[in-house]
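Chemist: Chain by chain, the residues run as shown.
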Amino acid sequence: EPEVTQTPSHQVTQMGQEVILRCVPISNHLYFYWYRQILGQKVEFLVSFYNNEISEKSEIFDDQFSVERPDGSNFTLKIRSTKLEDSAMYFCASGQDHEYFGPGTRLLVL
Amino acid sequence: KNQVEQSPQSLIILEGKNCTLQCNYTVSPFSNLRWYKQDTGRGPVSLTIMTFSENTKSNGRYTATLDADTKQSSLHITASQLSDSASYICVVSAWGSQGNLIFGKGTKLSVKP
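Residue numbers (the numbering used here), protein chains in the order written: chain A, -19 to 90; chain B, 38 to 150.
The reader is advised that the hints may include incorrect statements.
Claimed, not checked - Pairs of lysine to aspartate or glutamate residues, derived as DMTMM-like cross-links and limited to a Cα-Cα distance of at most 25 Å, are as follows:
{"hint": "1", "chain 1": "B", "residue 1": "LYS94", "chain 2": "B", "residue 2": "ASP104"}
{"hint": "2", "chain 1": "B", "residue 1": "LYS108", "chain 2": "A", "residue 2": "ASP77"}
{"hint": "3", "chain 1": "B", "residue 1": "LYS142", "chain 2": "A", "residue 2": "GLU36"}
{"hint": "4", "chain 1": "B", "residue 1": "LYS94", "chain 2": "A", "residue 2": "GLU36"}
{"hint": "5", "chain 1": "A", "residue 1": "LYS22", "chain 2": "A", "residue 2": "ASP51"}
{"hint": "6", "chain 1": "B", "residue 1": "LYS94", "chain 2": "A", "residue 2": "ASP43"}
By construction, these hints were calculated from the structure, which means they are not laboratory data.
All of these numbers come straight from a predicted model, not from anything done at the bench.
With the sequences and hints as input, model every part of the structure.
Modeler: This is how it looks when you write it as structure tokens:
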């Protein structure tokens, strides 16, 4: 069964550094999403992406975040200057009206 | 404000027993309600998805109900197994919103032998 994959599974970075989280959505899906889950808290929507542009974003998705589909398969989330409070599990998802989630990347900002 | 509240926060049951998890929501305009299972450190996996016109949906030992009038949903797990130990998250989608899902905090279920 096709699934969403994410790399890396874990990332540790210093505050102020840039990180890029990578996702390979399910191949015939056209809608892509990023969510995050701070430890012990709810999953929160960050952004949705369709037809090579952002279709919706939350208040969390400020100027330090960006998304890109650099080629036909990858979908990335970049955090330009990480803050301590960016430490969370980041989930990529794909699908329309029914989102399929990846296993997540655990980001730790020190 | 769009919100999803779940109860109980956590639950311990013995293997083979049934249980019911609750979800209340204030999301408007409502599109659909999903129940997800999330194992620790993993991504959520969809169990059921219900639209406004559906009031029950089953997926194996999982049965979800929806009362759109009272804005309540439940997830009933029958004959629980050790592998059912996970967080169960109620998620509501607003109409016209693509992917902007409103998540509950989840109910952490532990099934003991």
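Chemist: Against each hint, give a clear statement of whether it holds in the structure.
Modeler: Comparing the hints with the structure gives:
no. : hint               : result
1   : LYS94/B - ASP104/B : holds (12 Å)
2   : LYS108/B - ASP77/A : holds (20 Å)
3   : LYS142/B - GLU36/A : holds (22 Å)
4   : LYS94/B - GLU36/A  : violated (29 Å)
5   : LYS22/A - ASP51/A  : violated (31 Å)
6   : LYS94/B - ASP43/A  : violated (41 Å)
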